[in-house]
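J.: Just so you know, the sequences run in chain order A and B.
Note that our numbering gives residue 101 to position 101 of the first sequence, counting from 1, and the numbers run on in steps of one.
To convert a position in the second sequence, counted from 1, into our numbering, add 1000.
Honestly, the hints are just simulated from the structure, not real lab data.
One should not assume that every hint holds.
As the list claims (entries may be wrong) - Some chain B residues flagged as far from chain A (calculated, every beta-carbon gap over 10 Å):
#1 Leu1431
#2 Thr1435
#3 Asn1442
#4 Arg1443
#5 Ser1562
#6 Ala1576
What the hints assert, rightly or not - Listed below are the simulated DSS-like cross-link pairs for lysine-lysine, each with C-alpha atoms no more than 27 Å apart in a straight line:
#7 Lys244(A) / Lys78(A)
#8 Lys163(A) / Lys1297(B)
#9 Lys114(A) / Lys163(A)
#10 Lys117(A) / Lys132(A)
#11 Lys1349(B) / Lys1377(B)
#12 Lys163(A) / Lys1377(B)
Quick caveat, the model's predicted, so the values are computed rather than measured.
The beta carbon of each residue, even a glycine, is placed where N, CA and C say it ideally should be.
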Amino acid sequence: MRSQRPRFFLAALWLCLWCGTFSASAETPNGDSLAFMEGVRQYEAKAYPKAIEAFEKVLAAGVRNGMLFYNMGNACLKAGDIGPAILWYERALALIPTDPDLRFNLSYARSLVKDEKEGESSPVVAVLFFWKDMFRIATLQWAGIIINAALWLFFGLYRFFRKGGLLHLCYGMLILSVLVLGTTGWRLYEHTFRPQAVILPHSVAVRSGQASESTELFILHAGTKVAVKKQANGFLKIRFSEDKIGWIPESVAGII
Amino acid sequence: MRRLTGIFFLLLMMPLSVSAELLHAYVDRNPTSLDAPVQLTIHIPGKGGSVDTSVIKDFEVHSRGTSSRVEIINGRMRQEETQSYLLAPKHSGRLTVPALAVTVDGKTYHTNPIIVEVTQRTEENSTGGQDIEVQGRVTETSPYVGQQFIYTFLLRYGIEIANTQYTPPDFSGFTAKQIGEQQSRQGIVNGRRVQEVELSYVLIPTKSGEVTIGPAVLQCDTLERQSRRNSARDRMFNDPFFPDSFFGNRRLIPRVLRADAIALTVRPLPLEEGSTPFSGLVGEFSMETSLEKNDMKVGDSVTLSISINGTGNIMDADTPAIQVPDAFKQYADSPQSDIQLGTAGYAGKKIFRLALVAVTPGSFQVIPVPVTYFDPKKGKYCPLSASPVSIRVQPADTPQNAPVDLPPPAGNETLPGVQKKKVDFTGRDILPLKTGLDAIENRDPLSGSLFLVALILPALLFLIVEVSFKLKRKNGNPAVIMAQKSVSSMKQAARALSGDGEEFLSHLYRALVYAVCSRANTCSESLTYEEARQMLRAAGISEENAERASALMKEIDSARYSGSSLGVPVRDTLLAETAHVTKGVLR
C-alpha cells in the first residue's frame, strides 16, 4: 500500500510557494508631498500657473498617478491651456478610467475643442469589447497575474488530488485568463505601438512633409486628439481621420 | 420579322420626338391690370417635360395644372402636354416672362420671352366700387413684446366667385393662432349688398423692432359677363328667351388678390422698477387665493388654491411662490387651466393647488409672494398679489400628538401633480482637485518584463514542484532503493572475484537479498531462505524461480560459513548464476 503522506506534503508545499509568490505588496514611492500640497493651495487661491509649477515638481520626481494627472489637467484648464489640459486628462484616463470626476471634466474640456471629431472607432468593436477600456492597464495586469496564478494553482492541486471539480475550475480560470490577458495584451499593444497625441497650441498647421515649406494640408486646434503613425527627425506623422494625415513638429503635440 | 416589327415601332415613335419649333408658350391677356392675373400656357410636344418657372421674378406663379392630348391623324400619332400657370403681377409696367427652360427627355428647350403690359388697377375694381376686395387689419399697430392682438383678414365680394384658395400671411416674429373658423355675413357697402368673410388670428410678438405682417393672398375665379355683344350669336342669345345663365354667356376669370402688408412697431417691455419680480405675464390679470378650511388638526390636509385670471398670455403663468410655514408639509398638484381663445384673444384662468399637511399646532399665515405683470393698456407693470390666508392648527386627537411624517415616495414614484423634468445644466465648470496624498503614490502599470515574469512564475513553480514530486517519489521508493543496492552489490562482488572469498560471497548474498526486497517493495538487510521464497511468491514470481533464488541464497550462505576456499572458476559460476537470478527477480 502506497503512503498518502508525501502527496499532502507536496500539495502544502505548492500552496505555500504560491502564496509566497504573491505576498509582496505594491511599491510606494516617496513623492514630494509638500510640492503637492503647495499645488493644491495655489489652485484653491486661483493661482493656476503656480499650481502647475508645483504639480510639475511632483511629476519630475517620477510619480505617475492618475489623480495627479487629473489635478494637472484641472490646473491647465483653469489657466486657459486647453491643449495641455486635455493631454493630462487623457493620461489620467489611462490610469483611472472609471473616475467619474475625471470623465466629467474631460467631457467639459472636450466640449471646448474646436475641431469636430472624425472617424470614430467601429461601433461593433466598441460593443463586442465593451470592457476593454473600462479598467486601467495595471488593474488588468494584476487581474491577469492573479487569474493565471489561480489557474496554475488549481492545475497543480488537480495533479495531486485528481478531483473533477478542480479540473472544472481550471477550465474556468483558463477562459478568464485568456479574456483578461488578451485584453491586457491589446491595451499594452495600443499603448506601446499605437500612441496618440494631443495638439497643444491654439492652432497647428498640418503639412504634407517635414519641411516648413511643405504644403499646409489642414489646421488642427488645441485639445484635438490624433493618432501618431511615425516619429522621425523631431516630427510626428499624425492621422486625424481616415483622409486627414500629415506631419507636425513634435513640440506642438503631447504624446498620451 | 422581328427586324420589321422594330422598324415599324421606330416609325411610330418618330412623330413623338420634340422639335423646338413646336414648343410654344403664350398668355391669355396682354395688357392686363395689377389685380388681373394672366394665364400662361405652355404646349410641350411629346410626353411632356418639366418647366423651370423659378426665373419668373415679376409675377407670383401659381400652377394651374397639366393636361395631355393624343391625336392620331392619317395614321400619325401626335402627343402633346399642356402646362398652365397663373401669373399675378407684382407691380405695374412692362413685365417680362423670361424664356423658360423646358426639359424633355434630358434635353433642354426654351420658350420665347413674353412682355406683358401691366397697368394699375382698373376703375371698376378700385376701392369703393370694386366687385371683390380683400383687406388685412390689426387691432394694435405698436404692440409690446408678449402683448396679444388680433389680425383679421376680410374678403368682401359682390359677384360670384369660385375655386378660392387662401394663403395666410407670413407671421414671422409672432406666435400666431387662428381664432375659430371663418365668419361669413352679409353687409351693405355704398348701398350695394355684399358678402363678407372674416378670418382672425391672435398674434403675440416674440421680439421687438419693426416687424411686417406679409400680405395674405386669395386666389379665386370670378364669374364675369362676356363683353362680345355685337356678334349675331350674342344678339341671338341676348334674347330674353335665352338667358345667360343657361347658355353660359359668362366665363371664369382667374384673380389673385392681396391684402396689404402691415408694418408694425413692436415695443420692448420697459425696464422693471422696484424689487417685485416680474411674472412674465403681459395683459390684464388678477390673483385670488382660497382655502378649503381655516381650522384643522395636526395630520389633516387642506388644499390651498391660487387662481390667476385675466386676458393675455395666461398660459405662460408659472406656479406662484408661496410662503408656507414650516408647520406644514406641502405637495403641489398639477395646475388646472381653463383658457379660451376668443375674438379678444386668450382669456381665462389658471389654478394652482397646493396640499398642505399640518405637522405642528398653532396659528399660521400662508402668504402668496407678490409678483408683477405688464399691462399694455396702462403701459406699466402692475402688482399681482392676493391676500394671505390664515390657518389655525389644533393638536391632533391621537394621544401622541406627534408631528406627521409622511413617507417619501418610493423609487421612481412621484406624488400626483409632480412632473419630472430633464435636468439641464444651468452653469458649466469643472470638478475640484483631488487633494488626498494618495495622488502622489506611483500607480504606473507593471513593466512588460516584470509582467511576463509574474505570468511565468506560477508555471515555473508548478514545474519545480512537479519535478520534485517525481524525484521524491522515485527516491523514496524501497523497490528502487533496493534495486540500486542490488546492482551495486553485484558490481562489488565482481570486483572481489579474485580477492577475498568472504567478501565476494557477502556481496553476492546482499545482491540477492536486495533484489528480493526490491521485488517485494520493502527494505531489509537480511532474509531467511523461506522469507525470501515467500516474498518472491507474493510478488508474483513463479514457484520455480522463487525456489531457485532461495536455493542460491542457501548455497552462498553455506559457502560463506563452511570455511572452504572457492576457486576462481566456481566463483565465476556463482557470480553468473547470481547475476542471472537477480536480473530475473528485478525485472
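J.: Which numbered hints are broken by the structure, listed smallest first?
T.: 1, 2, 3, 4, 7, 8, 9, 12
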